[in-house]
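Here are the chains, one letter per residue:
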Amino acid sequence: MPEQEAPQPAAPEAERVPGIEPAFAALAERFGDELVAARKTADGPDFTVAPARLADFVAALRESVLAEPHLFVDACGVERETALEVVYRFSLVSRREIVTVRAHMPKDKPAVASLAVMYPGARWPEREYAEMFGITVTGHPDMRHLLLPEGWVGHPLRKDYVYPLDHPYLAPDPLREDPVRVLGHAPEGEGEES
Amino acid sequence: MNEANVGTTDQLIVNMGPQHPSTHGVLRVALTLDGERVVSADPDIGYLHSSMEKIAERLDYRQYISYTDRFDYLGAMCNEWVFVRAVERLAGIEVTPRCEHIRLLMAELNRLASHLLYFGAMGIDTGATTVFLYCFRERELILDLFEWVSGQRLLYNFLRVGGLRNDLPDGWVEQCHAAMDALASRVDEYDTLLSENRIFIARTRGIGAITAEEALAYGFSGPCLRGCGVPYDLRRVDGYSLYPELDFEVCVEEGGDCLSRHMVRSRELRESIKIVRQVLARLPEGEVNVPVPRRLKVEPGEVYERIESPRGELGCYLVSDGSDKPWRMHWRAPSFYNLAPLDRLCRGHWMADMVAVIASTDIVLGDVDR
Numbered sequence: 001m002p003e004q005e006a007p008q009p010a011a012p013e014a015e016r017v018p019g020i021e022p023a024f025a026a027l028a029e030r031f032g033d034e035l036v037a038a039r040k041t042a043d044g045p046d047f048t049v050a051p052a053r054l055a056d057f058v059a060a061l062r063e064s065v066l067a068e069p070h071l072f073v074d075a076c077g078v079e080r081e082t083a084l085e086v087v088y089r090f091s092l093v094s095r096r097e098i099v100t101v102r103a104h105m106p107k108d109k110p111a112v113a114s115l116a117v118m119y120p121g122a123r124w125p126e127r128e129y130a131e132m133f134g135i136t137v138t139g140h141p142d143m144r145h146l147l148l149p150e151g152w153v154g155h156p157l158r159k160d161y162v163y164p165l166d167h168p169y170l171a172p173d174p175l176r177e178d179p180v181r182v183l184g185h186a187p188e189g190e191g192e193e194s
Numbered sequence: 001m002n003e004a005n006v007g008t009t010d011q012l013i014v015n016m017g018p019q020h021p022s023t024h025g026v027l028r029v030a031l032t033l034d035g036e037r038v039v040s041a042d043p044d045i046g047y048l049h050s051s052m053e054k055i056a057e058r059l060d061y062r063q064y065i066s067y068t069d070r071f072d073y074l075g076a077m078c079n080e081w082v083f084v085r086a087v088e089r090l091a092g093i094e095v096t097p098r099c100e101h102i103r104l105l106m107a108e109l110n111r112l113a114s115h116l117l118y119f120g121a122m123g124i125d126t127g128a129t130t131v132f133l134y135c136f137r138e139r140e141l142i143l144d145l146f147e148w149v150s151g152q153r154l155l156y157n158f159l160r161v162g163g164l165r166n167d168l169p170d171g172w173v174e175q176c177h178a179a180m181d182a183l184a185s186r187v188d189e190y191d192t193l194l195s196e197n198r199i200f201i202a203r204t205r206g207i208g209a210i211t212a213e214e215a216l217a218y219g220f221s222g223p224c225l226r227g228c229g230v231p232y233d234l235r236r237v238d239g240y241s242l243y244p245e246l247d248f249e250v251c252v253e254e255g256g257d258c259l260s261r262h263m264v265r266s267r268e269l270r271e272s273i274k275i276v277r278q279v280l281a282r283l284p285e286g287e288v289n290v291p292v293p294r295r296l297k298v299e300p301g302e303v304y305e306r307i308e309s310p311r312g313e314l315g316c317y318l319v320s321d322g323s324d325k326p327w328r329m330h331w332r333a334p335s336f337y338n339l340a341p342l343d344r345l346c347r348g349h350w351m352a353d354m355v356a357v358i359a360s361t362d363i364v365l366g367d368v369d370r
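If you read the sequences in order, they're chains U and F. The opening position of the first sequence corresponds to residue 1 in our numbering, with each subsequent residue numbered one higher. The opening position of the second sequence corresponds to residue 1 in our numbering, with each subsequent residue numbered one higher.
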């Protein structure tokens, strides 16, 4: 399979807009270099923080932009060109405003501070991105596999993940093993459009 | 018998599922029981995990639409809608007014079909089998409409980036009016059969209660959250599509228990009928498709688009690298977050109440596992 793959285009760069907007000066003062970026988007504020301070930062947000009742919306991982990223979203209940908090980590030893104690809803998505991207979540009470079976090797949502064709859970795929017998002819190249 | 054990109780671990019919799919819950009381409930998910997010990275935007149907298979139109909305927002595509009306119409019909199935399942899980048959009879009216317009009864593949697969067939609008009339006259009947049934109320009132603060921290959304007294309905909060122009009520109940979640859905059936009738009355003429390149490439960037699906906040996070395939796509699946607090909801209740709690969160396991 890998040799058939079209050359991957460059990954989208992490955050194009560095810098802190004036509205978030108080947070910048408190977190210094650990607040990497803070900007306003059409959806709401968007922050990038150091992964080790993620939980502290969200706790600080609960005194400013998240002071109102808000919903824990989502957490997920993204692989960027040079870094792994986790994205947390919160939504105000009263009006359309989505607060996004990101953290960038190196690809070799990624680790991030868990929000699972503050927001119990973060327990499952953190387990999910931990197994899918190989990110260590520190301070999480329960780090078993969530969607993948126990003992699964590798992190499937990483771009360099190779599917384990000899995995005991997978039935042999005749199409993959002997395509000529199944199709009656050599398989056509992938990526061709009808 | 060991003399020392006489008069003491043991905790027992019981597997509920994955083949238990009332777990609404393949959900396994490892229950720790003290007699009949639930000490803890540990949901084990992933049986239906199908790598929806990885698959998206290998397919172009057009091809992926048929996959969106398949995770929350009871809200397929809503899944398609949020996905095409996300792609259209990234690519800067505006759809025609007629297309927007038809999409909204489909989403609301899908909400009706999904809530009807919920009604039936809730009834059968709490021992009321009659309402199940009635709800499936009425759901058939809506599935027939879907079949007529898209050729499919469950997984429609009807929406396209920039439009729809086809326009409404002749006579469809009249049939839809007739279906709404039939349904409206029967919703009260469901309430008398189920919602006002003394046994049903006894099985659901005060069961699986959660406060609004906890529900928000758990990421509860949709009818589950509105059952806790939080008026969080994206159709009003975001006011996307044509919803700001439509007259409907956000249904909120205060109890936070199974009965409140049930009553929210019961009232939402009526509101959705109201919405469908309004949209049918104002359906504009015109084209349903705008020209979109066959091989759609969108600018590098990312977008989080969300709509109110029958189960709650359905979000689609799309990261583009400028090619014709998503670089990363992530589903914010409402069932995933609605199932997560199961331990909190069930702790201390009888084991038999588990069934009512799971049914009242209206989860779809395909949506949980994606």
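If you are wondering where the hints come from, they were derived from the structure by calculation, not from laboratory data. Predicted model, so just to flag it, every value in this text is computed and none were measured. Here a beta-carbon is modelled for each residue, glycine too, at the ideal position from N, C-alpha and C. Don't take every hint at face value.
Listed next, the in silico PhoX-like pairs over lysine-lysine satisfying Cα-Cα at most 25 Å (straight line) [as the list claims (entries may be wrong)]:
{"hint": "1", "chain 1": "U", "residue 1": "Lys159", "chain 2": "U", "residue 2": "Lys107"}
{"hint": "2", "chain 1": "U", "residue 1": "Lys107", "chain 2": "F", "residue 2": "Lys54"}
{"hint": "3", "chain 1": "F", "residue 1": "Lys54", "chain 2": "U", "residue 2": "Lys109"}
{"hint": "4", "chain 1": "F", "residue 1": "Lys325", "chain 2": "F", "residue 2": "Lys297"}
{"hint": "5", "chain 1": "F", "residue 1": "Lys325", "chain 2": "F", "residue 2": "Lys54"}
{"hint": "6", "chain 1": "F", "residue 1": "Lys274", "chain 2": "U", "residue 2": "Lys107"}
{"hint": "7", "chain 1": "F", "residue 1": "Lys325", "chain 2": "U", "residue 2": "Lys107"}
{"hint": "8", "chain 1": "U", "residue 1": "Lys40", "chain 2": "U", "residue 2": "Lys109"}
{"hint": "9", "chain 1": "F", "residue 1": "Lys274", "chain 2": "F", "residue 2": "Lys54"}
{"hint": "10", "chain 1": "U", "residue 1": "Lys159", "chain 2": "F", "residue 2": "Lys274"}
{"hint": "11", "chain 1": "U", "residue 1": "Lys159", "chain 2": "F", "residue 2": "Lys297"}
Label pairs and their computed distance ranges (CB to CB) [said to hold, decoys possible]:
{"hint": "12", "chain 1": "U", "residue 1": "Asp178", "chain 2": "F", "residue 2": "Pro284", "range": "53 to 63 Å"}
{"hint": "13", "chain 1": "F", "residue 1": "Pro244", "chain 2": "U", "residue 2": "Tyr161", "range": "52 to 62 Å"}
{"hint": "14", "chain 1": "U", "residue 1": "Trp152", "chain 2": "F", "residue 2": "Arg137", "range": "20 to 30 Å"}
{"hint": "15", "chain 1": "U", "residue 1": "Val153", "chain 2": "F", "residue 2": "Gly286", "range": "17 to 27 Å"}
{"hint": "16", "chain 1": "U", "residue 1": "Glu63", "chain 2": "F", "residue 2": "Val173", "range": "50 to 60 Å"}
{"hint": "17", "chain 1": "U", "residue 1": "Gly154", "chain 2": "F", "residue 2": "Glu299", "range": "46 to 56 Å"}
{"hint": "18", "chain 1": "U", "residue 1": "Pro69", "chain 2": "F", "residue 2": "Leu246", "range": "24 to 34 Å"}
{"hint": "19", "chain 1": "U", "residue 1": "Pro164", "chain 2": "F", "residue 2": "Arg137", "range": "41 to 51 Å"}
{"hint": "20", "chain 1": "F", "residue 1": "Gly286", "chain 2": "U", "residue 2": "Arg96", "range": "23 to 33 Å"}
{"hint": "21", "chain 1": "U", "residue 1": "Trp152", "chain 2": "F", "residue 2": "Arg294", "range": "50 to 60 Å"}
Covered stretches of chain U (chain F as the covering partner; in silico rule of three or more C-beta atoms under 8 Å from a C-beta of chain F) [stated by the list, open to error]:
{"hint": "22", "region": "56-65"}
{"hint": "23", "region": "88-100"}
{"hint": "24", "region": "111-121"}
{"hint": "25", "region": "142-152"}
Cross-check of the supplied hints:
no., hint, in the structure
1, Lys159/U <-> Lys107/U, "holds (11 Å)"
2, Lys107/U <-> Lys54/F, "holds (19 Å)"
3, Lys54/F <-> Lys109/U, "holds (22 Å)"
4, Lys325/F <-> Lys297/F, "holds (8 Å)"
5, Lys325/F <-> Lys54/F, "holds (11 Å)"
6, Lys274/F <-> Lys107/U, "violated (51 Å)"
7, Lys325/F <-> Lys107/U, "holds (23 Å)"
8, Lys40/U <-> Lys109/U, "violated (30 Å)"
9, Lys274/F <-> Lys54/F, "violated (39 Å)"
10, Lys159/U <-> Lys274/F, "violated (47 Å)"
11, Lys159/U <-> Lys297/F, "holds (20 Å)"
12, Asp178/U <-> Pro284/F: 53 to 63 Å, "holds (55 Å)"
13, Pro244/F <-> Tyr161/U: 52 to 62 Å, "violated (43 Å)"
14, Trp152/U <-> Arg137/F: 20 to 30 Å, "violated (44 Å)"
15, Val153/U <-> Gly286/F: 17 to 27 Å, "violated (54 Å)"
16, Glu63/U <-> Val173/F: 50 to 60 Å, "holds (53 Å)"
17, Gly154/U <-> Glu299/F: 46 to 56 Å, "violated (32 Å)"
18, Pro69/U <-> Leu246/F: 24 to 34 Å, "holds (25 Å)"
19, Pro164/U <-> Arg137/F: 41 to 51 Å, "holds (47 Å)"
20, Gly286/F <-> Arg96/U: 23 to 33 Å, "holds (29 Å)"
21, Trp152/U <-> Arg294/F: 50 to 60 Å, "violated (38 Å)"
22, 56-65, "violated (count 0)"
23, 88-100, "holds (count 8)"
24, 111-121, "holds (count 4)"
25, 142-152, "holds (count 5)"
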